[in-house]
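Chemist: This is what each chain is made of:
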Amino acid sequence: MQWFADRRFLIIALIFLLLTWVMFVTSRERESEGKVEYFFNTAMAPLESIFNYCGMVLHDSWKTVTRLAQLKVENDLLRKEIERLKTRQLTLEQLQKENEELRQAAGFVKAQTHEMVAAEVISVNPGNWSRTLTINRGKNDGLKKNMAVISPKGVVGRILEVRDYTAEVILLTDPRDGNYIGGMVKRTQNMAIVTGGGEYLGECTVRPAVDNFFSDLKENDIIITAATSDLFPRGIPIGRVVKVSYGPNKMVAKAILRPAVKFNQLRTVFVIKRKDDSAEPFTESSAIIPPGGE
Amino acid sequence: MRFVMLAVTVSLAVAVQSTWLAKIDLPGYVKPDLILILAIAYGLYHGFYKGAIFGLIAGLFMDVLSGGIVGIGALAKMTAGFSAGLLQKIIFRDNLLVPVLAAFLGTVIFEAFNLLMHISFHANYRFDLLFISAILPMAVYNSLLAPLLYYFLLKMEKFLADREA
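Chain order of the listed sequences is U and Z. Under the numbering used here, think of the first position of the first sequence as 929, with each following residue one higher. Under the numbering used here, think of the first position of the second sequence as 16, with each following residue one higher.
Don't take each hint at face value.
What the hints assert, rightly or not - As a list, the in silico EDC-like pairs of lysine to aspartate or glutamate whose alpha-carbon atoms are at most 16 Å apart:
(1) U:K1072 / U:E1028
(2) Z:K38 / U:E1048
(3) U:K1114 / U:E1096
(4) U:K1190 / Z:D177
(5) U:K1072 / U:E1096
(6) U:K1178 / U:E1147
Derived from the structure by calculation, the hints contain no laboratory data.
For reference, chain Z alone in the conformation it holds in the complex (with noise of 0.2 Å):
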């Protein structure tokens, strides 16, 4: 039940963000990464290694729907679902505030990796001028996001540990 119930999650979200997200002319030419989102808020309710689980197979899916270089992506949210995964128990995870700042630092860091990956592969970016232009705005719309999907995410733990009880 939990995997389907993710499932349609990622599915839906990565829906959203290549549709309506997509058509939204939003400062830096980017759109609003759910799934980065969702593998952050993840990690910080289930731990590290769920947390990278989860970031990869999601990460993994939509590399493999981006039809660009297939594993980047699945790294990046694998380390966010990591990384937020490790902050798991030093933080108060009903704290709404906790996922906006984990959202933005994770954005910060993760596509910061994700830019300097696709430089390496010899795409015609430069670093300095996008992480400005794009990885800020990124963040800011991410942590933005944050506090709501990581609420949906709380409702369907409870759901679903309701169901288990």
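Next comes chain U alone, as it looks inside the complex (with noise of 0.2 Å):
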């Protein structure tokens, strides 16, 4: 020890010049790198693979961990502005239809002659077994028992009752004994007896006026109201024939009708206070009747 304790500063000098002569070695460029480099390189290589994997996946999880915080921020005020579009839309789509609704109807008092009041249908039958609603106007609107009730698809039904400010509509599904309409097949212009209730809830059958059978009747005809009707203005639609019942003679005897109007999403009537028989009949276009009826 002594002797390198004496030997200090040459040693140091020696070192200095040592690191000088290495520095300008290794500063140009060589063939390849020295044996000790390349010793020390190649055995730390597959630490620093493992250092710089598990410093990938610290630095990726960190990043994943901030971006799922940022995109649950983002997520849950996308949900909310979704949420606000949806019931914008719905809104939106509410309003489309009550408008197209008022314009039909708007239209519809437009083209009638018959003077006629507008009401809203404020309930519907809670039983399952009569077919009434309750409409908004009542005597006080002029409204008087049996007074007929359209709407632009067709024929709704009568008044059954009437209060001061409401009346009991009873339609024309509604199967107690009595509740019938005469009626006309569009297309061969024969009488027709159209009584409530059929095969299923919500549907009426037809019956010939006159003879026992009927001369023509096929499905999918028109039911139309007939001019001899004391409450209904004639031609209005009352529904579209979609089952026929054969007698023993082969000919019709009776057939099952769906009416023209979906009862239970009438928002809107009109009462015939008084029709007008010169009036033209009914040529609204909702007039066609989709082949499924109700």
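Assemble the dimeric complex from its two separately framed chains, guided by the hints.
Modeler: Following this line, the structure appears as structure tokens:
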């Protein structure tokens, strides 16, 4: 040890010289790196790879965590936005539907020459076996029992009971005894009687008004109100024939009719206070009843 | 207090039935009968005597509002409340499956009775077709809603019991 201590300045100077030499040597581009460098670099490479990998994993994880937090905030905002837009869309669709209905109703009223009162449907009969609905017009609006009730799509029914501010409308489909309308097969002009109730709920039965059988009646025939009706103006669609039943002589004895009006979605109806017999028959485009009817 | 709460419940049920439920396009063209479910639930909870009275009054109220033949619904619902009340002692009334089954069977039996009564008053209906196309769907809807109404009734009874205690 004493030997090193006595020669320490010399050793330091040698180290400086050595380092300077190394600097000079390594500062230039060499054909290949030295063995020492090669050894350490090779030995360190796997360790460095592991550290690099761990670092990347940690970095990526952290990035993912921060991104997720950011995404959650964005997601929450987008969800709120979607909800808001959905609500807005629903409102707009509702308004559009109302608008179309009001336009249709306005056009319908304009085209009619009958004295009519528009009424809103307040409620539907809570029971399943009677088919009536309540409207927001009554005696105070001049309504009377048995007045015809129609909509732009066709026949709804007639006034069954009148109160001061409301009235009960018996629908075309109510099956009780005595609920019938005089009708006519549009294609053949054959007279018919339409009574409430059919095979299933929401249907009516069509029978011939004069004979026991129809001379000619087919499925998809449209039945309209007849000119002989005391209550209804002529030519208003009642519904479409969906099934015919043959008698023993292979002629149609009765038929099942699906009404032109979808009753559970009715909002506005028109009560005919005084019908105008000179008026043109009902020519509303909505008289085209879809094959499914209700 | 009990009477007021029951009256409000029945009125709300009828209002819901004739507005919201009536606007839903359900298969069978029928709507659930909340009053029948309530009559059955009340009978299950309180026994045949109170069940019958509740069914009678609620059914009568609905008949009057329906504008149809008054009494058929009242009779059907009174019998439903009474019959459900007979089950009170043999079933575990806190089990929510009980009202489901009771509502299904009650709807099938008493709506069939209701329909037959309407037909006997010359309504233009066909029993066989309507039993399948209207009564069975109605039974399904009623049994689905029964636990909800039964739970509501249990809560109301608990509230009334706490108040009386």
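Chemist: Each hint: holds or not?
Modeler: Here is what the structure says about each hint:
| no. | hint | verdict |
| --- | --- | --- |
| 1 | U:K1072 / U:E1028 | violated (30 Å) |
| 2 | Z:K38 / U:E1048 | holds (14 Å) |
| 3 | U:K1114 / U:E1096 | violated (29 Å) |
| 4 | U:K1190 / Z:D177 | violated (48 Å) |
| 5 | U:K1072 / U:E1096 | holds (11 Å) |
| 6 | U:K1178 / U:E1147 | holds (15 Å) |
Checked against the numbered hints above, the structure violates hints 1, 3, 4; every other hint is satisfied.
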